[in-house]
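**Q** For the record, the sequence lines run as chains A and B. Okay, so the first sequence: first residue is 10 according to the numbering used here, each after it adds one. Okay, so the second sequence: first residue is 52 according to the numbering used here, each after it adds one.
Source of the hints: derived by calculation from the structure; they are not laboratory data. Backbone N, C-alpha and C define an ideal beta-carbon position, used for all residues, glycine too. Keep in mind that a hint or two might mislead.
Claimed, not checked - Calculated Cβ distances over 10 Å to all of chain B for the following chain A residues: (1) R24; (2) E95; (3) S109; (4) S173; (5) H203; (6) T206; (7) E273; (8) T276; (9) Q279; (10) D297; (11) V314; (12) T361.
Stated by the list, open to error - Using 25 Å as the maximum straight-line C-alpha spacing, the simulated SDA-like pairs for lysine to any residue come out as follows: (13) B:K233 x B:G250; (14) A:K340 x A:T315; (15) A:K222 x B:N180; (16) A:K222 x B:L183; (17) A:K359 x A:A266; (18) B:K233 x B:Y72.
To be verified - Footprint (simulated), chain B over chain A, 3 or more residues, beta carbon under 8 Å: (19) 56–63; (20) 75–89; (21) 260–269.
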Amino acid sequence: MSAPLLQLQNIVVERGRRRVLDVPCLNVLPNEVLAVVGPNGAGKSTLLRTIGLLERPARGSILFAGHPISGNPLPFRRRMGFVFQEPLLLDTSVESNVRSGLALRGVPASERQRRVEEWTVRFGIAELRRRSARTLSGGEAQRTSLARALVLEPEVLLLDEPFSSLDAPTRESLIDDLDVILTTRRVTTVFVTHDRTEALRLGDRIAVLMGGKLRQLGTAAEVFSSPVDSEVAAFVGVETIVPGRIREVSGGLASVAVGEITIETTTELQPGADVLVCLRPEDVIVSDLADAIPMSARNRLRVTVTRVRPAGPYVRLELDAGFTLVAHITKQSLEELTLSPGANAVASFKATAVHLIPHRRG
Amino acid sequence: MDLIWDGVTEALRLIFTGNGYVYEVTFTSLLVSGSATVIALVVGLSIASFLAFRAPPGRTLALSAFNAGMALPPVAVGLLVSIMLWRTGPLGQLHLLYSRTAIVIAQAVIATPVVAALSTAALQGLNPNLRLQVLALGASRWQAALLLFREARLSLLAAAMAGFGAAISEVGATIMVGGNSKGSTRTLTSAIVLEVQQGEFETAIALSFILLAVILSIITLFTVLQQRRPPA
Chain A
10 MSAPLLQLQN IVVERGRRRV LDVPCLNVLP NEVLAVVGPN GAGKSTLLRT IGLLERPARG
70 SILFAGHPIS GNPLPFRRRM GFVFQEPLLL DTSVESNVRS GLALRGVPAS ERQRRVEEWT
130 VRFGIAELRR RSARTLSGGE AQRTSLARAL VLEPEVLLLD EPFSSLDAPT RESLIDDLDV
190 ILTTRRVTTV FVTHDRTEAL RLGDRIAVLM GGKLRQLGTA AEVFSSPVDS EVAAFVGVET
250 IVPGRIREVS GGLASVAVGE ITIETTTELQ PGADVLVCLR PEDVIVSDLA DAIPMSARNR
310 LRVTVTRVRP AGPYVRLELD AGFTLVAHIT KQSLEELTLS PGANAVASFK ATAVHLIPHR
370 RG
Chain B
52 MDLIWDGVTE ALRLIFTGNG YVYEVTFTSL LVSGSATVIA LVVGLSIASF LAFRAPPGRT
112 LALSAFNAGM ALPPVAVGLL VSIMLWRTGP LGQLHLLYSR TAIVIAQAVI ATPVVAALST
172 AALQGLNPNL RLQVLALGAS RWQAALLLFR EARLSLLAAA MAGFGAAISE VGATIMVGGN
232 SKGSTRTLTS AIVLEVQQGE FETAIALSFI LLAVILSIIT LFTVLQQRRP PA
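Generate the whole structure from the sequences, applying the supplied hints.
**A** Shown next, in the form of structure tokens:
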């Protein structure tokens, strides 16, 4: 593992007497996209502003490429880019907005023009260059804001829920574009969101922040399949999440290879696409080997029970199906099926219960 | 009505016959009120930036003081500045009483709370995250302040106009600290007062029209600047 680009050590941020952020340790690795998820008021934005050196912590230190940041943060701030939830454009043309940070950072004029052209094209706003920022739609404005940050070619890109104020189609197309850029440019990124799908889509690693504390940090599979506690589980919504690749698609029905296993589902994605296969535990039916399976369940997997854990009104089963599959069943079913660790069973689910999220391979 | 009409014709005559006295008091007015406005802008914008961006403790109290300062009685300011500048006063060594500088000081004291209060409101009206965004783009504190002034230029120019208006239309303090002496500290306003006292109503009305014309021209200039499309 390469040395972290950013290191947070014993960071404490306070508002009055209230402690809003308490992170003993958090490392951001070079070229990774770290998605920070958490409910509203969890301290996500505060964390991002602290990393962006826009808010001074009461205690703790931040290291940038191994150098502790002390004194004037401006030189370090000029190595990062920040995109807020609102576009926060200056009252001037689109082009001047995109150029504004370059001028502040003393990039030579000829270089400025080249980069502005490149990034306005990349974000599909080249036609709008001469337009006043006031006349833009929400999506166009956020594209301008993203171009303004990426044109700086920052070493670290900080994104604070940049899609949350956009309507669904606009959000999708912007996430697609940003995904391509992050994949090809490999910009080290910290991405704050309360949207699980966005986090899965863009994040290489996922950090769960709740009540100002970092509760869990790991890959999507680690965080979503094995949440550390019930609070995290309740927020992320326990899911089976495994990486797979679409093998073939015919008549809207796709075969997805997950290790040795093939899962059938519906998708609009193309064969060959790398995906995360997501399945909610309440959609998984667990039955005896001998039981008849409902005909509409296209997926039927032989599984071994690895773990049984009561979770409030139901029981949470971890099943080994070649990958870890999580299922929720009632206490009655558990008794009827006499399931205990080591027991064999069948897990089935409908093709429509499976949700695919495009995901580049790390 | 005849008196006003005579005043207008007299004003036109004074302007177009190149009357030295009129030009001189107009120049004095513009010089002292212009200087006072510049000082009020520098001090007022600094105070506004501090109050709006740093949000220091006691901001509401300070703002109340500046808001009240917009209604500062010029006569009281004149008296206070006079006392400060008296030969036996704390600033007596500077020998400034009855000089143009004294008028500039008095008018600046009157205009500064106006600029400070209106500018603070203008800067507080900006999205608070905009300052963070500008800093994140790589602005130093100074660059950030200038960029934010530019964003709030409509309201800030309104504050500048209000400050200039308070300065140039002021007369009580001007006479008290300036002494209304011909050739140095006589302004348009103090000249009008003198003409009225001497019963020269025609000249007083003429000077009033000239004062209004000067204010109208300068404020129009500011307004054109304010309403201009943002530079690309």
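**Q** Does each hint fit the structure? Answer for all of them.
**A** Hints, verified against the model:
{"no.": "1", "hint": "R24", "result": "holds (13 Å)"}
{"no.": "2", "hint": "E95", "result": "violated (7 Å)"}
{"no.": "3", "hint": "S109", "result": "violated (6 Å)"}
{"no.": "4", "hint": "S173", "result": "holds (14 Å)"}
{"no.": "5", "hint": "H203", "result": "holds (18 Å)"}
{"no.": "6", "hint": "T206", "result": "holds (25 Å)"}
{"no.": "7", "hint": "E273", "result": "holds (46 Å)"}
{"no.": "8", "hint": "T276", "result": "holds (38 Å)"}
{"no.": "9", "hint": "Q279", "result": "holds (37 Å)"}
{"no.": "10", "hint": "D297", "result": "holds (58 Å)"}
{"no.": "11", "hint": "V314", "result": "holds (50 Å)"}
{"no.": "12", "hint": "T361", "result": "holds (41 Å)"}
{"no.": "13", "hint": "B:K233 x B:G250", "result": "holds (18 Å)"}
{"no.": "14", "hint": "A:K340 x A:T315", "result": "holds (17 Å)"}
{"no.": "15", "hint": "A:K222 x B:N180", "result": "holds (24 Å)"}
{"no.": "16", "hint": "A:K222 x B:L183", "result": "holds (24 Å)"}
{"no.": "17", "hint": "A:K359 x A:A266", "result": "holds (16 Å)"}
{"no.": "18", "hint": "B:K233 x B:Y72", "result": "holds (9 Å)"}
{"no.": "19", "hint": "56–63", "result": "holds (count 3)"}
{"no.": "20", "hint": "75–89", "result": "holds (count 4)"}
{"no.": "21", "hint": "260–269", "result": "violated (count 0)"}
Hint violations for this structure: numbers 2, 3 and 21, all remaining hints satisfied.
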